[in-house]
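Chemist: Residue strings, one per chain:
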Amino acid sequence: MSVEDYRRRYEAELQQSRDAAAKGPARAPHEVAAATLAPGTAAADSLDALLGVLADATRSDDDRRAALISLKAAGFQPDAFAPYEARFRQVLRQLAVEPGSELRYDALQHLSQENDPFVQERLLEGLRNPATALVAPAAALQMLSADDHGAAVSAARDVLSGSSDTDAREAALGVLATDPTAEDLVAGIMNDKSEFRAVRQAGAVALQALNPTAFVSAAQAIADDDGDYDDIREVARNGLRITGLGALA
Amino acid sequence: MIRARDLAARPPVTATAAARAAWIDDLRGQDPEDGVWPELLAEQDPLFAGLSANDAVRLRAHVLGGFGERPPPGILPFIREDLTYSRDPRAVAAAAVALRPFDLPDAAELLVEALARILPRDDIVAVGRFAEPSPCCAATAASEVLTTLAGLGVRASAQRSAIEGLAAWPTLGGPVAAAAARALAQIPEAAPPPCCRQAAGPSAKPDMPRRSVAALAGLQLQDQDGAACAFGETFAGAPSLIGFFYTRCMNPAKCSLTISRLGALRREIAALDPGLAVNIAGVTYDPDYDAPARLRAFGEPRGFSFDPRTKLLRTAGAFEPLRQAFELGVGFGPATVNAHRLDTVILDGDLVVRDHIVRSEWDVVELAARLRELAQAPASAGRS
Numbered sequence: 002m003s004v005e006d007y008r009r010r011y012e013a014e015l016q017q018s019r020d021a022a023a024k025g026p027a028r029a030p031h032e033v034a035a036a037t038l039a040p041g042t043a044a045a046d047s048l049d050a051l052l053g054v055l056a057d058a059t060r061s062d063d064d065r066r067a068a069l070i071s072l073k074a075a076g077f078q079p080d081a082f083a084p085y086e087a088r089f090r091q092v093l094r095q096l097a098v099e100p101g102s103e104l105r106y107d108a109l110q111h112l113s114q115e116n117d118p119f120v121q122e123r124l125l126e127g128l129r130n131p132a133t134a135l136v137a138p139a140a141a142l143q144m145l146s147a148d149d150h151g152a153a154v155s156a157a158r159d160v161l162s163g164s165s166d167t168d169a170r171e172a173a174l175g176v177l178a179t180d181p182t183a184e185d186l187v188a189g190i191m192n193d194k195s196e197f198r199a200v201r202q203a204g205a206v207a208l209q210a211l212n213p214t215a216f217v218s219a220a221q222a223i224a225d226d227d228g229d230y231d232d233i234r235e236v237a238r239n240g241l242r243i244t245g246l247g248a249l250a
Numbered sequence: 005m006i007r008a009r010d011l012a013a014r015p016p017v018t019a020t021a022a023a024r025a026a027w028i029d030d031l032r033g034q035d036p037e038d039g040v041w042p043e044l045l046a047e048q049d050p051l052f053a054g055l056s057a058n059d060a061v062r063l064r065a066h067v068l069g070g071f072g073e074r075p076p077p078g079i080l081p082f083i084r085e086d087l088t089y090s091r092d093p094r095a096v097a098a099a100a101v102a103l104r105p106f107d108l109p110d111a112a113e114l115l116v117e118a119l120a121r122i123l124p125r126d127d128i129v130a131v132g133r134f135a136e137p138s139p140c141c142a143a144t145a146a147s148e149v150l151t152t153l154a155g156l157g158v159r160a161s162a163q164r165s166a167i168e169g170l171a172a173w174p175t176l177g178g179p180v181a182a183a184a185a186r187a188l189a190q191i192p193e194a195a196p197p198p199c200c201r202q203a204a205g206p207s208a209k210p211d212m213p214r215r216s217v218a219a220l221a222g223l224q225l226q227d228q229d230g231a232a233c234a235f236g237e238t239f240a241g242a243p244s245l246i247g248f249f250y251t252r253c254m255n256p257a258k259c260s261l262t263i264s265r266l267g268a269l270r271r272e273i274a275a276l277d278p279g280l281a282v283n284i285a286g287v288t289y290d291p292d293y294d295a296p297a298r299l300r301a302f303g304e305p306r307g308f309s310f311d312p313r314t315k316l317l318r319t320a321g322a323f324e325p326l327r328q329a330f331e332l333g334v335g336f337g338p339a340t341v342n343a344h345r346l347d348t349v350i351l352d353g354d355l356v357v358r359d360h361i362v363r364s365e366w367d368v369v370e371l372a373a374r375l376r377e378l379a380q381a382p383a384s385a386g387r388s
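Note that the protein sequences, when read in sequence, are chains A and B. For the working numbering, count along the first sequence from 1 and bump the result up by 1. For the working numbering, count along the second sequence from 1 and bump the result up by 4.
Keep in mind the hints are simulated off the structure, nothing from the lab. Misleading hints may appear alongside valid ones.
[As the list claims (entries may be wrong)] Some chain A residues close to chain B (C-beta under 8 angstroms, calculated; not the full set):
#, residue
1, 83
2, 147
3, 150
[Unchecked claim] Which bits of chain B does chain A cover? Going by a derived footprint, with three or more residues having C-beta under 8 angstroms, they are:
#, region
4, 57-63
5, 348-362
Being a predicted model, the structure only gives us computed values, none of them experimental. Where a beta carbon is used, it is the ideal one built from N, C-alpha and C, also for glycine.
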């Protein structure tokens, strides 16, 4: 059976179960969802099959991508999907390090959103040792920025102090946008005329998240500075307009 | 033998989590006295300073899971808290293993609750080893919990049907299925005598004398509207209940629930006596991030109705004076909190600590009555 068939069967079974549930005694939506995906039901068998397809490296990337999309969609019913979560995570971890897999990025992205320690460790190791990197530094930092509890703060500071990779520097500022102790560093980058302009813009966004008041003051100074670049001054004006706090708003 | 007061300086704040784990392993080899370990497990211990939340929970699980057959009794509150609240497989597995040598009356209930919480997040673990477990390892967090349940035998009988239900979940496979089968084989259906089932109540911090925090009176705070207020001005003159939290907390059973319960407490007090002068406040651990707008946005959807005696607050400067004065169980990483326990404090109108509930939820009705009693007590009654 193809993945598309599994998906159709799963959706049909889900609908059938919902219809049956609607005719029975009143139940909360999450209870209906949990009952329709309960282990042993036909819809649950389809989820098992989808997990099998996703884990099977001999299947085509298209099949596995379709399985991944269906499983992610099933995850929107958290109570019902809970019994499959642990196995889904293990399969995604396998995908995240599978050589040559087109789905690696998707798996890394999904797991990093959940602050998965296995993936965080590998992304950080890739930043320390590029030979082992699963993705480019900017992508790794962007993924690690989902953790606002400090997993990548040190790596982000290292990138800002030692790398000229513009994309990585931008992504590093995304990480520091949740670190109140980085306010001065971020403000310094926003004001630094020798810095890449895209990086200065990322600095402005980060400062706005960290301290809107400090952002307004820095943005006002840039907007008033005839010696600064026009596009940067425009970004500053836009920021002030959006916050509604600046003199130029 | 190393005594708690002689404990050497912890590894530097720049040390990696792995280096700190190696330091713990080395310490174990030096036969430290039991009192060392509760100190090292405390969230605020310098052992965890500067680590990310992920590294902090991993290191703490390494400490908790490495005691073998002779765990020090002082670690029980930590085991109980992890089994009650943690959503991290490493922490739950370590607590389940550390619990085995103890004879805790409500062990089976705690373990079954932990099992239900951890199954969707189950993961391969290697309790007692800091290194990342290999995928071929023979244990997961759920299997460790089930193994501890199996060891309880008849003492887990009341939980047998719950275990059967949870064992029917699709799991990570072999280790969990095998541990579930062993648990069900070792736990008979007969119920234990009623005398063995005791509910565990909230734990007041033992050995904590009533003490004044009047020295904090001048500490500057800011509320959810940005209004400045001093600690004394906010809390003196009427009894107060203060819960600690931060808006970025990842565990919905901790800070989010704390604020919801503070809101419920205010409603309960209003129902008891609408005119009663009692202060209810949540104070954030993370003042640099939790700006007034964030405090308001966190409180409103949780039913926390702001008024002059019901506020969410942050310190205008550092949080450290509050941490020290209340001996709060909170540690900080590079960006924010990396671990915290539940801390709830009741102050009387003279800024004397009358109760300090740690590592546990509290009962809204019970505390409302307690606050009313304090509010109605004569001004000098019960003060130390």
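Chemist: Under the constraints set out in the numbered hints, which ones does this structure not fulfil?
Modeler: 2 and 5
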